[in-house]
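Residue numbers (the working numbering), protein chains in the order written: chain A, 1 to 738; chain B, 1 to 255.
Do not rely on the hints blindly, as some may be mistaken.
Said to hold, decoys possible - When the alpha-carbon atoms are kept at most 20 angstroms apart in a straight line, the in silico SDA-like pairs for lysine to any residue are as follows:
#1 A:329 <-> B:154
#2 A:329 <-> B:240
#3 B:202 <-> B:60
#4 A:329 <-> B:60
#5 B:63 <-> A:386
#6 A:329 <-> B:63
#7 B:63 <-> A:348
#8 A:329 <-> B:202
#9 B:63 <-> A:359
Stated by the list, open to error - Some chain B residues flagged as far from chain A (calculated, every beta-carbon gap over 12 angstroms):
#10 55
#11 87
#12 99
#13 105
#14 114
#15 115
#16 116
#17 126
#18 127
#19 146
#20 184
#21 201
#22 232
#23 240
Treat the hints as calculated values from the structure; they're not laboratory data.
Glycine included, every Cβ here is placed at the ideal spot set by N, Cα and C.
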Amino acid sequence: MEDWHWQLGIAGGATTAWVVGLALLILWLLELRSIRGESSTVRRLTLGALGGLSLLAVYALALQFTLVREAFEEIAGGTVLLIDNSRSMTLQGSSGERSDAVRALIQKWQDDDRVEPLVYRFGSETRGVIWNDIADTYEPTDDETNIREGLSTVLERGIEQDLGSVVVITDGADPSFRAESLSLDASAPAIHSVLIGGDDRLDDQAIASLRADSTAYVGVPAVIRAEVRAVGKLREKDLSVQLWHEKRLIQEQWVVLDAEGKGDAAFEVTPKRPGRALYRLVVPAHADDEVPQNNGRAALLRAGRDRVRVLLVAGRPSWDVRFLRDFMKRDGSIDLISFFILRAPSDLTAAPTNELALIPFPTDELFREHLGSFDVVIFQNFDFAPYEMEAYLPRIRDYVKRGGSFLMIGGDHSFSLGGYGGTPIEQVLPVKLPAGGGVVTGSYRVQPNRQLIRHPIVALGPDPSLTRRTWKALPPLHGANAIAGVTEGAQVLLQHPRARLSGGARLPILVVGESDRGRVAAMTGDASWRWRFASDDATVGSDEYELFWDRLVRWLTRDPLLEPARISTDRERYGIGAPVIVSGLLRDERYRPIANRRVSLRIEPAENEGEDTVDAQTDVDGQVRATLQGPTAAGAYEIKAKADGKDIAAEVFLVEESGDELANLEVSSSELEAVAKRTGGRVFLSVNDVPPLAELAATTRKTAGLISKQPLLHPLFLFFTVVVLALTWVLRRRWGRR
Amino acid sequence: MILGSGVRSTCFVLALACLSVAPVKRASAFGEATELEIVSLDVGRGDDGSQSATERLAWEVRKRSSVEPMLEPGRARLGDDSLFRSPFIYWRGSDEFAPLSEQSIDALRRYVHRGGFVLVDDASAGGEGFDRAVRRELLRAFPANPLKAIPDNHTIYRSFYLLSRPVGRLEGPEFLEGISYGDRIAIVYSRHDLGGALQRDKLGAWSQAVVPGGERQRESAIRLAINIVLYALCTDYKDDQVHAPFIMRRRGSGP
């Protein structure tokens with residue numbers, strides 16, 4: 001009865017009860033006074049007692065005494081299993097693989113059908129799985145252990161699921177996890193943890209982290225730093241770190257570990273040529289090292305030049321040369337070597353050599369010794385014949401075909417007028433040269449090719465309309481070299497408004513193209529400086545001039561930002577078999593979005609033919625996003641996007657046997673114990689100590705409503721009241737009272 | 001100024017000799033619009049001899065270097081669009097002049113800002129009027145960039161010829177002055193009457209005697225003028241590392 005309590009049912013509650021009680025008391029006293037004259041004491045006592053009793057019975061009925069009790073019901077609360085899906089769960093301990101222990105535990109729990117929990121796997125992300133399938137499908141592959149993210153996810157979902165308890169199954173190898181990072185209030189479910197490997201002390205040396213400049217520069221030292229760590233009995237032993245490049249051991253360092261078993265190693269490497277260079281850091285495995293997989297990590301350096309090296313050779317000083325050189329000298333990203341022919345063989349200087357500041361044209365030095373060091377070679381109104389350069393022309397052609405860039409700018413020493421027809425230079429130029437030379441004279445405003453208006457070199461405005469307007473407003477040029485046509489695949493970006501080729505097409509002023517691995521451009525005019533130097537504030541194009549030349553140089557040197565299509569991966573390094581998320585912007589060679597098209601993404605070198613290509617759909621802007629299954633062997637890989645059977649973009653990434661996931665394998669129970677303490681959970685350091693799941697599952701108590709009783713409305717009490725009232729009335733009548 | 005007949009005839013013969021050996025150069029294939037035009041500045045004081053000087057300078061530049069100047073350069077005024085016909089202006093004067101209009105000052109400022117080069121040549125033979133007026137107007141146009149002496153190791157003294165000091169028709173001060181704009185000198189001020197040393201009459205004889213050094217000094221003046229033109233076209237090109245060892249060697253072994 002301790003849960004029951006009384007309530008008054010009379011309207012007005014206690015106040016009415018008092019008023020009615022006093023009124024009935026007064027009535028009873030009046031009754032006693034009225035029978036005071038009764039001679040018989042028996043009669044007087046009987047009538048007084050019956051009157052009081054009947055008034056008391058009526059009073060009790062009027063008060064409507066009610067007994068009330070709150071009812072509850074016990075409901076079995078939801079139980080969630082949160083299972084670590086990171087690769088560290090595949091490690092082999094002295095008692096077997098951690099993932100086997102998980103499977104065994106789950107099978108044991110599945111045998112007991114009292115509880116059917118919701119199951120989530122956590123790692124790089126948290127996702128639900130089916131309870132009955134988990135033992136068969138559990139293959140931990142994630143490259144990350146993120147306990148906080150996993151717990152936060154199930155706690156958020158648990159609000160709707162009447163979550164009673166959470167059981168986390170993990171190795172606890174998440175050094176970033178902190179108990180206070182979780183939002184746990186009084187209603188939080190009990191959070192239990194089963195620490196796999198918690199009773200299995202690990203002996204391990206590892207490269208815990210690796211940092212390297214993602215972009216390095218040729219000739220400039222780059223630093224690769226590694227943090228190494230040892231646990232278990234290997235903590236007491238110093239270790240060596242080796243740096244490997246192209247299967248050669250190039251450096252080695254001994255690292256003295258501190259009290260926590262940590263140490264650092266730093267290696268300086270100097271890339272000798274542009275391109276990608278793969279370096280590997282290796283800690284030679286100790287005989288007692290239980291996890292040799294985390295002893296090696298890789299760094300991919302993209303070696304470029306800190307500045308684009310440009311060789312500018314001008315046949316004579318001119319304003320076109322002066323303005324272009326000034327621009328490139330001011331541009332901090334360009335390392336300019338310029339050579340101008342100040343005196344032609346036919347000039348009369350009227351001075352002996354020692355009174356001249358002229359130097360011999362260092363043809364051999366420029367075009368034999370150092371040609372390969374330049375990213376771009378520019379011939380600006382330069383003819384080769386007077387300087388005995390014929391022997392160097394094949395070298396320039398080969399330099400371009402190997403990946404160098406070449407630009408010829410017009411003038412009376414350029415193209416056919418410079419005698420380049422039929423030379424190796426013509427073989428790489430994007431234009432065909434007429435046999436007889438020729439020029440187009442007169443003033444004209446160049447027009448951008450409508451088909452290629454989005455090409456970054458000529459896209460001077462934010463959209464095609466403004467680009468056209470900008471070109472229309474720029475000051476006119478004067479004269480251009482005649483050409484016979486453009487080579488296959490070349491792109492005409494700027495055109496003469498009136499002059500035509502023999503086939504009827506407009507005379508190209510700027511043509512760009514590719515010659516094997518190199519990029520080439522032909523600018524047939526020689527007065528682009530006019531865009532920079534004009535009186536009219538409305539038309540002068542100082543900014544446009546610099547933007548145009550900046551873009552042209554960057555396009556020639558394959559600046560990734562100017563490529564029509566580019567893709568990137570969500571990370572630079574992955575673990576074995578980890579999914580690779582690829583996204584990018586795909587445009588065709590005219591810089592138009594490859595919209596709403598199927599493109600294929602392929603990882604190279606391929607592991608399994610036919611299984612390594614994923615088809616993806618671009619959106620209306622040419623954006624693409626897809627997830628590919630990552631390679632299962634460590635190494636450097638390239639992912640290529642292919643459209644219409646042609647590779648249009650590529651990106652490189654690394655697959656590491658170790659990675660961050662295997663860098664810190666020490667089982668840490670302290671934070672999970674703190675969580676358990678806050679929520680009333682338990683922590684088990686050994687699988688053998690774990691009780692049946694039903695014991696860890698919780699119930700919740702819910703209010704089922706109120707239960708009430710009115711005992712005075714019992715028929716016996718009503719009968720008793722009627723009997724007393726009737727007896728009182730009968731006796732009063734018989735004894736002569738009203 | 002009148003030259004002696006002997007001097008005049010000698011110059012004439014030399015000029016003919018130069019003409020006879022000068023190569024026949026290809027006329028500018030693209031037309032004159034892209035050539036170097038050494039425009040003389042018309043400040044409204046009639047024929048100040050600058051037209052003759054620019055024509056002779058253009059000729060000397062064409063004869064001695066690979067530069068292809070326009071042989072009949074035009075004139076420009078500060079106040080109109082003709083100023084921007086060429087990035088090279090030759091401003092010669094000998095007398096004081098009235099302050100330039102604000103429009104002219106603004107045009108001069110824009111001209112330099114957009115890449116133009118100005119050679120100011122004081123032909124007054126030591127007079128102060130033109131010098132005073134030029135300094136005043138340049139200070140108005142470029143208050144933050146005053147005229148400064150150009151050191152004798154500046155590129156301008158080795159842009160084509162190796163020169164040790166500036167001279168013109170007059171020996172003048174041992175330095176040129178200039179206004180730097182960005183990485184270049186945009187305005188060069190000479191008080192040596194460079195144009196006077198270049199002028200020839202219609203028969204090709206030198207118009208004025210050069211003092212005190214005579215023809216040797218005239219040759220030095222022509223070389224300086226050519227150096228200034230080459231500097232305007234090449235700016236600090238000769239400071240590029242590729243030239244340094246050669247020039248250092250020649251400086252050490254030069255006369």
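Exercise for review: Please name the hints from earlier in the document that this structure breaks, with their numbers sorted from lowest to highest.
Suggested key: 4, 6, 8, 11, 14, 15, 16, 20, 22 and 23
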